[in-house]
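Q: Sequence:
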Amino acid sequence: MKALTLLFLRISLSGLMLFWGANKLLNTEGSAAISEKYYLSFMSAEALLYLFGAVQIVIGLLVLVGLMRRWVLPLQVAINGASLVAVFPSIIDPLGWYLEGTNLLFYPSLIIFAASLLLIAFQREDRWALDAMHHDNRRTVQAG
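Residue numbers for the sequence shown follow our numbering, so the first one is 1 and each next one is one higher.
Just so you know, not all the hints are guaranteed correct.
[To be verified] Derived DEER-like restraints, expressed as beta-carbon distance ranges:
no., residue 1, residue 2, range
1, M133, F42, 32 to 40 Å
2, A45, L130, 30 to 38 Å
3, R127, E100, 45 to 53 Å
4, F88, H135, 33 to 41 Å
5, E36, L104, 19 to 27 Å
Don't read these hints as lab results, they were simulated from the structure.
Note that the structure is a prediction, hence the values are computed from the model and not measured.
Even glycine gets a Cβ: it sits at the ideal position worked out from N, Cα and C.
The whole structure should be built from the sequences, with the hints applied where relevant.
A: Structure below.
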């Protein structure tokens with residue numbers, strides 16, 4: 001059950017990375033507006049949006065199939081962590097009782113960040129990742 005749950009978590013988190021990456025490539029105007037509002041215009045330049053969108057898609061694909069997890073999962077945590085920081089007021093006060101401009105819809109950023117950390121913590125139990133399968137096959141051949 002744990003391996004299937006980790007597979008489902010990896011698929012769903014990679015989907016998020018893939019969709020956000022595709023959005024940067026296909027909707028640069030909307031992505032620039034998001035950057036200007038939440039990321040201090042850091043990613044507003046069109047060339048940066050294309051670059052970061054492509055990087056997110058590559059990371060999403062690698063997370064999806066479970067390759068290079070040693071490097072890709074921390075990158076995913078960093079990206080999701082940056083998003084969490086960008087909407088942090090909405091994490092502290094999702095209903096806007098004390099802080100203005102917060103939005104309940106951003107609260108799942110905390111859950112996404114926690115799920116990203118979980119993939120790292122249980123990396124060895126994720127048997128359906130391609131690099132884990134490859135490692136297990138090498139171990140079987142060496143033992144035989």
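Q: If you check each hint against the structure, which ones fail?
A: none
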